[in-house]
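Visitor: So the protein lines, in turn, are chains P, C and F. The first sequence lines up with residues 0 to 401 when you count with numbering that gives the first Met the number 0. The second sequence lines up with residues 0 to 401 when you count with numbering that gives the first Met the number 0. The third sequence lines up with residues 0 to 401 when you count with numbering that gives the first Met the number 0.
Simulated from the structure, these hints should not be mistaken for lab results. No false leads were slipped in.
Straight line, CA to CA, 25 angstroms or less: simulated SDA-like cross-link-like pairs of lysine to any residue:
1) C:K143 x F:E355
2) C:K34 x C:S16
3) P:K143 x C:G352
Label pairs and their computed distance ranges (CB to CB):
4) F:T294 x P:A130: 42 to 52 angstroms
5) P:E239 x C:E389: 52 to 62 angstroms
6) P:R290 x C:T102: 46 to 56 angstroms
7) F:K280 x P:K298: 35 to 45 angstroms
8) F:S180 x C:T102: 28 to 38 angstroms
9) C:E134 x F:K280: 37 to 47 angstroms
Idealized CB from N, CA, C, for every residue including glycine.
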Amino acid sequence: MKEFEHYISNIKNTDASLFQKDILLTWERSVEELKAVLNIADALKYLHSNNISTRLFESGIAVSLFRDNSTRTRFSFASASNLLGLSVQDLDEGKSQIAHGETVRETANMISFLSEVIGIRDDMYLGAGNAFMSEVGEALDLGKEEGVLNQRPALVNLQSDMDHPTQTMADFLHLTHHFSSSDGRSGIDNLRGKKIAMTWAYSPSYGKPLSVPQGVIALMTRFGMEVSLAYPEGYELIPEIMETAGTFAEESGGSFNVCNSMDEAFQNADIVYPKSWAPYKVMEQRTKLLRKQDTQGLKELEKRCLEQNAEHKDWECTEQNMKLTKDGEALYMHCLPADISSISCDQGEVSAGVFEKYRTDTYVEAGYKPFIIAAMILANRFENPVETLEYLMRRNDKRIHI
Amino acid sequence: MKEFEHYISNIKNTDASLFQKDILLTWERSVEELKAVLNIADALKYLHSNNISTRLFESGIAVSLFRDNSTRTRFSFASASNLLGLSVQDLDEGKSQIAHGETVRETANMISFLSEVIGIRDDMYLGAGNAFMSEVGEALDLGKEEGVLNQRPALVNLQSDMDHPTQTMADFLHLTHHFSSSDGRSGIDNLRGKKIAMTWAYSPSYGKPLSVPQGVIALMTRFGMEVSLAYPEGYELIPEIMETAGTFAEESGGSFNVCNSMDEAFQNADIVYPKSWAPYKVMEQRTKLLRKQDTQGLKELEKRCLEQNAEHKDWECTEQNMKLTKDGEALYMHCLPADISSISCDQGEVSAGVFEKYRTDTYVEAGYKPFIIAAMILANRFENPVETLEYLMRRNDKRIHI
Amino acid sequence: MKEFEHYISNIKNTDASLFQKDILLTWERSVEELKAVLNIADALKYLHSNNISTRLFESGIAVSLFRDNSTRTRFSFASASNLLGLSVQDLDEGKSQIAHGETVRETANMISFLSEVIGIRDDMYLGAGNAFMSEVGEALDLGKEEGVLNQRPALVNLQSDMDHPTQTMADFLHLTHHFSSSDGRSGIDNLRGKKIAMTWAYSPSYGKPLSVPQGVIALMTRFGMEVSLAYPEGYELIPEIMETAGTFAEESGGSFNVCNSMDEAFQNADIVYPKSWAPYKVMEQRTKLLRKQDTQGLKELEKRCLEQNAEHKDWECTEQNMKLTKDGEALYMHCLPADISSISCDQGEVSAGVFEKYRTDTYVEAGYKPFIIAAMILANRFENPVETLEYLMRRNDKRIHI
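Please build the complete structure, drawing on both the sequences and the hints.
Guide: Below, the structure is given as structure tokens:
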């Protein structure tokens, strides 16, 4: 109960309202709004752990649209929707008549008559994913305004070309718990001044999205953390997002540094997040080729990119470079699945030993995602989240009866 | 409340019972039965708009079987099922063992032990879709009779080769609201004498089902409307259904005319429904070729049919011919997605200007479908719909808590 | 009510606890535990038939993972989950990132944060299916132990290379009802001494799993039945499971005989279960070839195996050999779909006449499966099934309101 009241009090302190606001990019939302989501997620997780039902909808559809593969996020979205009482309906573009020339505005309305949330993953095309989600959002606003829709569903970004907010918010929530202290200071305060190394790492696979590193640097810099981004030359992220991270660091009293050495980034780090991605210039070319359906060009690009990757096989998180971190004991993070050397590939992002040491931590990290998504839905669809959560606690229905 | 009581009173007046009756073809059901469905749909939409839960089932499966692509109807069926408390389970014939030689009777029973409704789309094969649905229905009757099934699931036609009742009933419900008046006369009465032009329109695509035009002429003629069907020579519908429409018009005091001119049909029309379809003779040939898996023959047929279509590019709903309609202000209808000239194709069924003017209307039209489907399920599974709806109103559970 | 109390009393008498125990192979569980499942299934079926809601979860995910096609079992699992209040989420390995190098342990945790049950079909690879399920089970145990999971989901074997417990338990439950008597003796007692002929039968198809015959002989021998297994030379089952059946027969006071004649097995049988399967040596070879992706080798194996099958077309259940059974009236069983001569194939496992005579019986048999699965979930997730069922009865919520 005390824990729950603590979260409630934190939400009250934010004085933020996300009612009918989507979080397509964390950097479009205020720090207070993000804090509200984190605490709502904590409160929902508390209720679930204590077998208190968080059902808020007696009926309602949760639409999921995945334009790329997913296990974790798909289950997280389904679980979050179910937790609040919604039923998932996949929008499978292959089985639908969408190709049949209908507009985004039309589809957005057609799937929303009885829907309360729409979750979208669209991360393959640089310059397209976030644009598509914004277009859906505007169509929903208009649909509500024009009286076509009784309610305006929440829109949840399940990974775009720019950001992966459900992942990075879950990552951050994991950190607040990992670095929480018993002295009454919240985990968020404790993270101030902590150093996180967001680094590129070698992977034998190709074309991994930029959304996680971009999302991490743009989020963690807002809470006074020392964010060190490292990658081999040529593996830049979208420049505007790197600039945004720099600005946020200045505003929050943290720091944002970019270097081309994994070791330098790991130096004295409290947290390391070694993860592969494709250079954004490659992603730009790839997008052009995909649009032209230039199979030959795509093959050549993949070959060149894998060769480029192979020049950086030394970018691996190992027992050796982990020794450079704070007391040799930095927290290892990953959005999973990681490319683990000698387990899932010959050589990859992380050595088997390091991964095994932190395996459970990465699972716990992933476990926050369903609650972050549920919190985003709740904050978007209920005008007063505090009142809503207190109602659930007071109602005290058992989630599992008996 | 007054609105709700109005619908209840209308249902009482019909004195119709659809308990354990499927609506595979609207023309197999009485006008009173159809009126009951329309008013149940209105009552359910009223409850949804007023945040009153319409959950009637604590558990139960809603089976969906789509033998052709769908967005709108798929989501409408899922939404309707969810609205009443049922969970959708897709019957994916590719992933099932159905090919493995089991009969329709067997499959119908195997998917129904805990099912309350089965929705089927089967519109590709002329002479097959409605026959298949009827066979499923008979198998369900027998399964209940033989004690295999505890309950006899409702069967909902989500589009067959002959009719598309969830579409046309939603279309008609839209009309009753659009033409409602404040003088106490119901929308249904106001439609008496109104002229609707159900016309063919040019589309660059091929093989569109006949179910919508067939369903529209066979339904609208039952309510005293002046139904004008227009198509280029050679684009006939199934003759028996055209005859049925004629008979209905006579019985209801309306009219049913067929002509080969879009302009003639539009003349003084209150409502226009310009929509492409394939000639039924082409559909017959196509069915034969599909059964023979004659790929070459199918390609040739498609080519011939598209060439035939191309001779009628002037069959387009435009600002020009809309001027022929009543006061130049007829209501434009479409089941969506429409082939919009210069938007979804170079030239299509409707000009961009006309579509944009009526875009919101077509969305509102589509929004009735989930409630029509829910009404069909309710009417089929509950012996006394009036009592059932009054129970929901009296129970007064919030759909969205708090 | 008396019927319900009878089941409750039977469960009490078993004094068995399956709490947090999976039934991957029936022979790993005690007879008392299996009896508990049978009676829980009966109690749930009673409640469903009497329109009493059996919802036990307000939220929770039921994960289904099908590595082979399925209609019956897929719907049974979905229905069982729904009956208890859970929502099905398919784990579609093609759409997930599982191929992306993640371990079984990782996937098992990632899909389980808010899951209450995982159902798996994995029957294609001899030596692999049951091993995979066991690995998932151990990962779930560890996930709970390590604090990654709030709850340890039940794991349900929906058919492996070794056993098909939801099928054989449903089969057995069907028998207890078919052979029940009005003298107060339970069906289970009445089955003591009854003879069942589990025989191979000819099918023009190839590679049918061994799980059903293996599961039947290992289950039915535990209840004092006379089990006669018959197959043409070369169609052996996994030797260890045949040995297990022999041991069980001795322990239970039943018998287990193997012969190479359908007629011999049918002699005086109370029940016949004629069903095709592939020789386990063929399945072993097939597994090796599948792993090597040796398409040519697989084709040749299929050809050889079908030729081998074709030598035994006389292994068909017909009006003729049914005369050999007890009073010529043995109960015919099949897990469906059956290969019915002149219906689903030219010549198959059973003649059209015999199948038609017992068609309804086979449907009733299949109808027990959803309740068996629900019973397995309930027994695994609720510490005290008796208390849980009595709570449902006392709560007396209507499943279909009004």
